[in-house]
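Asks: Letter by letter, the chains look like this.
2 protein chains.
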Amino acid sequence: MRRVAVIGTGHSKFMFNSPKTSVEMLSEVAMDAINEANVKPKDIQAVYVGNVLGDFEEGQGMVQSFFANDIGCFNVPATRFEGACASGSMAVRDAFMWVASGFYDIVLVGGVERATSMSVPLATRTFAMFGDSRYEYPAGFTFPAVFALLAHLYASRYSIPLQRLKEQMAAVTVQSHEYAVKNPNAQFKKAISKEDVLKSFVVSSPIQLQDACPFTDGAAAVVLASEEVAKKLAKKPVYFAGVGQSSSGKLSSQYKYLPRIRAREIASRQAFDMAGLTPKDMDLCELHDCFSIAAMIAAEGLGFFDYGTSGEAWEKGETRLGGKIPINISGGLKAKGHPIGATGVSQVYEVTRQLRGEMVEQGRQVEGARYGIIDTLGGDGVLLSLILSAV
Amino acid sequence: MRRVAVIGTGHSKFMFNSPKTSVEMLSEVAMDAINEANVKPKDIQAVYVGNVLGDFEEGQGMVQSFFANDIGCFNVPATRFEGACASGSMAVRDAFMWVASGFYDIVLVGGVERATSMSVPLATRTFAMFGDSRYEYPAGFTFPAVFALLAHLYASRYSIPLQRLKEQMAAVTVQSHEYAVKNPNAQFKKAISKEDVLKSFVVSSPIQLQDACPFTDGAAAVVLASEEVAKKLAKKPVYFAGVGQSSSGKLSSQYKYLPRIRAREIASRQAFDMAGLTPKDMDLCELHDCFSIAAMIAAEGLGFFDYGTSGEAWEKGETRLGGKIPINISGGLKAKGHPIGATGVSQVYEVTRQLRGEMVEQGRQVEGARYGIIDTLGGDGVLLSLILSAV
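First to last, the sequence lines map onto chains L and U.
At position 182 of the first sequence the residue is numbered 167 (the numbering used here), and the sequence of numbers has no breaks.
At position 154 of the second sequence the residue is numbered 139 (the numbering used here), and the sequence of numbers has no breaks.
Be careful, since some hints might not be right.
Each pair may be met inside one copy or between any two copies, as identical chains are not told apart.
As the list claims (entries may be wrong) - Derived pair list, reagent style DSBU-like, types lysine-lysine, alpha-carbon separation capped at 35 Å:
1) Lys27 - Lys241
2) Lys265 - Lys27
3) Lys265 - Lys309
4) Lys5 - Lys241
5) Lys241 - Lys25
6) Lys216 - Lys179
None of these hints come from the bench; they were simulated from the model.
Remember, predicted model here, so these are calculated numbers, not experimental data.
Chain L extracted, bound-state conformation:
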């Protein structure tokens, strides 16, 4: 297995109601990534794309082959991946393997979603298709309800009074918005207070509006290359140190592991073992905060905090710049935005740029960052872990 590097990155502004189609959004970020990588579209040997609702939302399936052709990547293999919110990371991990195996030297990975043409209630119902549609969705399990359930189980298991948990969850949101203000690509470039969170309307108790990430339109892309190519083309190649993927199936089949989400512990273990690293080695983390409780659970599952203590960690600033483990310094899904199929690729973009030391101007650089981990959760329990390294 060869080492694989990120040598180019592209990222759209995340927003409501983009005037562009998915093919157009993807084309733009892909060209940015290709240009940054100092290659041409004809050098791209294969294309990997995360996209979830293209057919449902926009009436366009198979976006990957249309956009690839439009930007001049003619006749390449172009593959679409769907693992709900983890689709983008899934595409990245797969592309990694095609380069690591020696089959390709230079490939493009993109992620794109248009998710805001529908009203939020309809989008919420639509997106519940990525939970179990036979037994759970009919019982009311849209994703806000799933994470409300997890919040109750979490509070109960760790004996945290619900009002206290709400305050902890608010601390997660407040931090995410604070950093999103510094991120020019973020959907919500606006700080909010703990009080703003706690007075927002209840979506599915105890989850309130400001505990939940938005629906978002957006795209991101990265160019991956073999180490040999990367050393020729990139000033600061960022390498994959480890990758992991796991899945769980329906909630009712994993009740013993709720709310820890076992698939995350397995996927991240794979990535850490492959990298020969531990959570202590990580300098930053972009994790899947589709809800603030999801962020807390993720930080524990990844090994950064003891179970039941991550809310306190956020409150104490351990997840901030300069803290024990800076988490979601991009603003996270909550405030940067969550264009479903693009999210994993956006996380890779963020960690790559941090590991290159390019966030100084934005005032959100993790000083001297060498290792970063990406965590993406898709639907009922698809988990991706990707560890990137500057060394």
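Got chain L sorted already, so can you dock chain U onto it with the hints?
Replies: Frame of chain L; chain U shown alone:
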């Protein structure tokens, strides 16, 4: 790169209106493949699934993780691929790489679709999302219209009178139905005559109903393993000799190559080069006859017949058992059926069973078959070529 073998196969009956969900269909064929491979669900290290309309048709996205969990493949990486009708073959090619690279030893590939709950007119419009949705679908390009266009271009380029072309297309359909009668999994186990084809109603001139494959519910699965594992477990492992994938983008961008479909020529060239084989070495072929004109174009693109002559080849019986190159001895998409995301995996099932010599009882064995090629076309120009070998 290691050699990779098919060591287990499973296939549902193809039909209208299956009473089963996609997760259930997939679970059943996967267990058949696992049992035939002499492994257990816990031995499966990763799962790859082709599926297109799960969310649209059934309200179930991400079928791969739910079915994997249901059959006891707990916490494995489970990935869904979408490349329209080529989704299943795309999943197979990707799974092939994960084993060939040495990352996994035993993986499961499945394909599944429910496509018949919608009326055929609605399904036709729905499926047009896998063409270009911006310029072509609004101009009336559902897939019957796309292939009607190709038929006219084909007739014109090769100076074949349209009535003569219709007779050639009918010959393709008649042969497919004849072999489907012998295939217990086929959707249409009924022979039809040339006259039946020519008197069927016109869908999009010159394409008539009997020139078009049906929508179908169904599933198929195969277990892939490294050569080392295959030699221990399988009596007759069938090996991958070559794989290829290419794509084109929207029709208007490839007008020079219509109706040859350039992506097919590229994908099959990749597969032949990788295998060190030529079209002459092939003993059988399962190709993408979504329409009878599609079959004719495919047979030429794969190198079996000169351009403009494959209709005559079908009429002369060169595509039959004992002919120059037996094509779609399964009944093909036209008569075996076309459950979109399952089709590529079903083709691998067919060729594997032929290369093992297991079609004798059904009266449709290609005698002494050593090499077989699979051709799958997805939407506007995703092409997969897979070459399997008994030696």
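Asks: For every hint, state whether the structure bears it out.
Replies: Okay, the hints, checked on the actual structure:
1. For the identical chains of this complex, lysine 27 and lysine 241 are inter-copy neighbours only, at 19 Å across copies versus 50 Å inside a copy, given an alpha-carbon limit of 35 Å.
2. In this homomeric assembly, lysine 265 and lysine 27 come within 35 Å of each other (Cα to Cα) only across copies, at 31 Å, whereas the closest approach inside a single copy is 41 Å.
3. Within a single copy, lysine 265 and lysine 309 get their C-alpha atoms as close as 9 Å, which meets the 35 Å cut-off; across copies the closest is 64 Å, which misses it.
4. Taking the closest pair of Cα atoms, lysine 5 and lysine 241 come within 35 Å of each other only across two copies (28 Å); inside a single copy the shortest separation is 44 Å, beyond that limit.
5. For the identical chains of this complex, lysine 241 and lysine 25 are inter-copy neighbours only, at 23 Å across copies versus 50 Å inside a copy, given an alpha-carbon limit of 35 Å.
6. Within a single copy, lysine 216 and lysine 179 get their C-alpha atoms no closer than 46 Å, and across copies no closer than 63 Å, so neither meets the 35 Å cut-off.
Checked against the numbered hints given earlier, the structure breaks only hint 6 and satisfies all the rest.
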